[in-house]
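Full structure from sequences and hints, please.
These protein sequence lines map, in sequence, to chains V, E, X, P and L. If you count the first sequence from 1, position 186 lands on 185 in numbering that gives the first Met the number 0, and the numbers rise without skipping. If you count the second sequence from 1, position 134 lands on 133 in numbering that gives the first Met the number 0, and the numbers rise without skipping. If you count the third sequence from 1, position 218 lands on 217 in numbering that gives the first Met the number 0, and the numbers rise without skipping. If you count the fourth sequence from 1, position 189 lands on 188 in numbering that gives the first Met the number 0, and the numbers rise without skipping. If you count the fifth sequence from 1, position 126 lands on 125 in numbering that gives the first Met the number 0, and the numbers rise without skipping.
Derived from the structure by calculation, the hints contain no laboratory data. Model, not experiment: these values are computed from the prediction. The C-beta atom is built at its ideal place from N, Cα and C for all residues, glycine as well. Be aware that a few hints might be false.
[As the list claims (entries may be wrong)] A short list of chain L residues far from chain P (calculated; beta carbon distances all over 10 Å): (1) Lys58; (2) His71; (3) Lys133; (4) Met149; (5) Lys158; (6) Gln205.
[What the hints assert, rightly or not] Far from chain P, some chain L residues (derived; all Cβ distances over 10 Å): (7) Asp33; (8) Glu46; (9) Leu142; (10) Ile148; (11) Ser153; (12) Leu191.
[What the hints assert, rightly or not] Label-pair restraints from in silico Cβ distances: (13) P:Lys194 x L:Asp145: 26 to 32 Å; (14) P:Glu129 x X:Leu201: 30 to 36 Å; (15) E:His55 x X:His71: 42 to 48 Å; (16) E:Gly137 x V:Asp33: 28 to 34 Å; (17) X:Ile59 x E:Lys160: 54 to 60 Å; (18) V:Lys160 x E:Lys160: 20 to 26 Å.
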Amino acid sequence: MEIQLFKKPQGVKIIEGFPGFGLIGSITTEFLVDHLKCELIGRFLFEDQQSTVLIHKGKITEPLGIFYNQKHNIVIIHSISAAQGIEWKAADIVMDVAKQLKAKEIISLEGVGSAVPTTSSNIFYYTNVEKNRKNLEGLGTKLLQDGIIMGVTSAVMLKTKTPLTCFFAETHSALPDSKAAAKVIETLDKYLNLKVDPNPLLKQAQKFEDKLKSMMQQSQDAQEMQEKKQLSYVG
Amino acid sequence: MEIQLFKKPQGVKIIEGFPGFGLIGSITTEFLVDHLKCELIGRFLFEDQQSTVLIHKGKITEPLGIFYNQKHNIVIIHSISAAQGIEWKAADIVMDVAKQLKAKEIISLEGVGSAVPTTSSNIFYYTNVEKNRKNLEGLGTKLLQDGIIMGVTSAVMLKTKTPLTCFFAETHSALPDSKAAAKVIETLDKYLNLKVDPNPLLKQAQKFEDKLKSMMQQSQDAQEMQEKKQLSYVG
Amino acid sequence: MEIQLFKKPQGVKIIEGFPGFGLIGSITTEFLVDHLKCELIGRFLFEDQQSTVLIHKGKITEPLGIFYNQKHNIVIIHSISAAQGIEWKAADIVMDVAKQLKAKEIISLEGVGSAVPTTSSNIFYYTNVEKNRKNLEGLGTKLLQDGIIMGVTSAVMLKTKTPLTCFFAETHSALPDSKAAAKVIETLDKYLNLKVDPNPLLKQAQKFEDKLKSMMQQSQDAQEMQEKKQLSYVG
Amino acid sequence: MEIQLFKKPQGVKIIEGFPGFGLIGSITTEFLVDHLKCELIGRFLFEDQQSTVLIHKGKITEPLGIFYNQKHNIVIIHSISAAQGIEWKAADIVMDVAKQLKAKEIISLEGVGSAVPTTSSNIFYYTNVEKNRKNLEGLGTKLLQDGIIMGVTSAVMLKTKTPLTCFFAETHSALPDSKAAAKVIETLDKYLNLKVDPNPLLKQAQKFEDKLKSMMQQSQDAQEMQEKKQLSYVG
Amino acid sequence: MEIQLFKKPQGVKIIEGFPGFGLIGSITTEFLVDHLKCELIGRFLFEDQQSTVLIHKGKITEPLGIFYNQKHNIVIIHSISAAQGIEWKAADIVMDVAKQLKAKEIISLEGVGSAVPTTSSNIFYYTNVEKNRKNLEGLGTKLLQDGIIMGVTSAVMLKTKTPLTCFFAETHSALPDSKAAAKVIETLDKYLNLKVDPNPLLKQAQKFEDKLKSMMQQSQDAQEMQEKKQLSYVG
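As structure tokens, then:
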């Protein structure tokens, strides 16, 4: 299937968030889409993956939705499709959108595992634009010196030639981590001058986390029911 | 293999039912095909799945049969082929039939898992036609606010541009759930003004359930025998 | 690989027997090939399956042999290749042979699982030629009212347009069932007027069963040896 | 990859030995290549299998080497690549070489499982040339009356139209069986009039067996180390 | 994806190091790239493998980097991508680079398992250039008489026609073995007259080992977190 792009704003900055450690990418972009009241300008379906639809407030949540915020000329790629096994393809999608929209920058959001359990989450950055480092360090983020990145972001890092900024939120488990996501939003707010009220962030992120957790639970239950059925019915 | 369509009535409403939670889709469409005395106008074989034939009253039950009821200009896609792993392909078949028959509406029937065990089954709806909501709520169904849909219906929801109405029957297990299916039939009767006598519904649905259960058991036994044989014979 | 057909008699009746429940199809067709002293007129190799050769009386038994009996103008497709996973392809082979030989009828032999343990085996039939029912019931077979058919026969049932008669022998386990096979032979004898002496049937079938059992055992031993070797040798 | 044939002697007899029960084929052909001081005239690489190189006396042992002995106009296909899963392809290679070299005969060497543990190994034969039976029985070998053959030889038996002679050494386990291989060499010596001194055979075969056993052990250790590494390193 | 080669120095010697036993190839080539202050002239991405990025000193470490040292006209292929399952493809890449750069020699570095635990590591060699043996033995390395080689080096050995020298470091486990790698570097230094100070080698190699170990640990943790997440989230 082709990427569907209904509208092609030019010279945008692209923020991409796929599920990963702590679901950082998905929680953060979901908050942004919701908060910045974006418009859906594109979508993609991974038809070689199991079909699942998430319904929220009576509407379909796009498995991979491409949203546009005109005020800041920002495009948000928000995905809730499991990234495992489709990293390279997903990266190609991000890069294809970047090309079609002549993107000035790609901003990738990802969790990074932390060996040492800490109570607060650090935000690290990576950039392929040397002169952007000073700017990024002014935001209170630190260069990721050593680490291993997996997921869609890793494939984007290896392939894109577009100016790229990655924000890595340190997470301590693979469970949805709304606190770490809130920190990413704070950083993004400063970086892109989005002027979002930082106060309700954590609370709202908590709500997202709860919603995602309950969806995850439902999905798991569904999976289990499905498997039982599979055992007992051969159509 | 291509879809075989022997007859192409135009402007129809399509009701599709594949196995899923509680086998809602299959039980419901089987009842309709039986009750409305439909005519077989098409079929499809999933040749990348194991071959299994269900014989009923000395006749082959089509794994995926396409039936036509002239009186109400309704086409019923009744499938007893396991939907696991073929959701996208099955959705493409539904959409292809819709296109060939210039369908005015697709009506999808699916079970949806319920976390809380209740004795009665609610019917929820989803529609991609905003103005149809009032009508649907008049039937006593409620908009599915939050949930996760899997199976063929989820793929249809993500892909079709035809007006779509989904009825989700709340089921509490993956076992065949004739009570929930009977509720779907009641709702469909009101929605499409089929004027079927609602009294024998539950009883009849119970019979379907028993038949399907015994078929499932036979199929499982067959599978087990087959596996034993597999171990002891290499031809 | 293509079907090899060295000779193309026309207007034949085709009897096909693949392994299945109780190995009914293979035992029966092996008996017929032996008893009617047929001539090999074709063969097929499933090259996507493991290669195994059965040697009998110093000669190779064709994994799938196509035999011709001129006296009754009958073609027998006798297969000892495991049918699991190749049902559709095998059905295509049967149908291709039927087409090349302008077959008047396909006769499929298959075992069908019986839930209730009984001492005797019933023979059931299915036919796609309505007017043939009376004739078939005159043979002492009963229409299969309800059941689930798997294996090559199920795929033939779903695909062929040639007049089709299926004989299902009720078997109680997946082990080779020579008694049930003997009943099938009796029925076939009456149906096709083969005039074979029914007396030595059971005895002979017992011998086939023993041979097949011992082959199965050898094959299993070979498999086990092979697996041990696999563990200890990487070439 | 194509078969590499550097030299194409015509009208040869081809002896093929792949690993199988007791590694009969590989041990025997290795002895012949060594004893008859053959010249490498071809090779083949199975690139869909794991890459492994066996070094012997500081030289690479070809995974599948094609050797020529001019004196007897014999070509030896010696393979140490595991035959499991590549039987059909390997048979095609043997047949392709036979075709290119206009081979007069293919001689296949294989182990055959023995249900009854005996101290001595019998050699059985199979041939597709009826009139060669007398000759073969004069060698002290017996026609294989009933049995199941697996491996590359089974696929050659089903496909080749070249005159084919198979020697099956009865083995009692899947472990390298140098005694059985020595018996095959004795038989081959008589059959092809190779005039090899039969005295050092068993001793030499024992050495081969030891070498192969130690290689197998090394390979297994390597595999195990590799697997441990796999667990702890993701590059 | 194609091999990217930004610069094509001619007549070079190529040193290739992929992960393998004791990570010998990767540790050694990483040291060389670092020590000889090479320039990146090419890269390759294995897009059919999981995407993972290793960040070191704030920079991306190429999964497979091709480096050039002008002073010695040496090209180093340094890979940290797991070699399991991609041996043939990786060998094709090495050979393709050799062809494009008209390489005079390929030098492969690999670990070889040792059955007997020893405290010191021997370096063995293999070469396809007979007359180079004397030279190689002057370095204190011994011809590998008997052994089994796996990994990328084995596939290069079977396929390349370029003059090839392999150095095998005896390792006693699959864990990163910096001592063995240091021995390889010493040997390479003598062989290629690199004039590197041998004193800090072991210390430095130890550091590499620690870094790789910690990366491995991180990667493993990441993998485990990912798997947990996988269980609990279906997007």
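Open item on the list: Over 10 Å from every CB of chain P: does Lys133 of chain L meet that, or does the non-interface label fail?
Closed with: holds, 14 Å
Open item on the list: The output says Gln205 of chain L does not contact chain P. Does that hold with a beta carbon cutoff of 10 Å?
Closed with: The claim stands: Gln205 of chain L keeps its Cβ more than 10 Å from every Cβ of chain P (closest is about 18 Å).
- [ ] Run the C-beta distances from Leu142 of chain L to all of chain P and say if the shortest one exceeds 10 Å.
- [x] Non-interface label fails for Leu142 of chain L: nearest chain P Cβ at 5 Å, not farther than 10 Å.
TODO: Hint says 42 to 48 Å; check whether the CB-CB distance for His55 of chain E and His71 of chain X agrees.
DONE: About 34 Å separates the Cβ atoms of His55 of chain E and His71 of chain X, which means 42 to 48 Å is violated.
- [ ] Report holds if the minimum CB distance from Met149 of chain L to chain P is greater than 10 Å, and violated otherwise.
- [x] Incorrect as stated: the minimum Cβ-Cβ distance to chain P is 5 Å, not above 10 Å.
TODO: Classify the label on Asp33 of chain L as holds or violated, using whether its beta-carbon is more than 10 Å from each beta-carbon of chain P.
DONE: Given that every Cβ of chain P is farther than 10 Å from that of Asp33 of chain L, nearest at about 18 Å, it holds.
Open item on the list: For the hint 20 to 26 Å, verify it against the beta carbon of Lys160 of chain V and that of Lys160 of chain E.
Closed with: violated, 36 Å
Task: Non-interface label on Lys158 of chain L, tested against every C-beta of chain P at 10 Å - done: Check fails; 7 Å does not lie beyond 10 Å.
Task: Assertion that Ser153 of chain L lies outside the chain P interface [Cβ separation over 10 Å] - done: violated, 4 Å
Open item on the list: Given a hint of 28 to 34 Å, does the C-beta separation of Gly137 of chain E and Asp33 of chain V actually sit inside it?
Closed with: holds, 31 Å
- [ ] Examine each Cβ of chain P, and state whether all of them lie more than 10 Å from the Cβ of Glu46 of chain L.
- [x] holds, 14 Å
- [ ] Test the statement that Ile148 of chain L is away from the interface with chain P: the closest C-beta pair must be farther apart than 10 Å.
- [x] At roughly 4 Å from the nearest Cβ of chain P, Ile148 of chain L sits no farther out than 10 Å, so the non-interface label is violated.
Against the hints set out earlier in the document, violations occur for numbers 4, 5, 9, 10, 11, 15 and 18.
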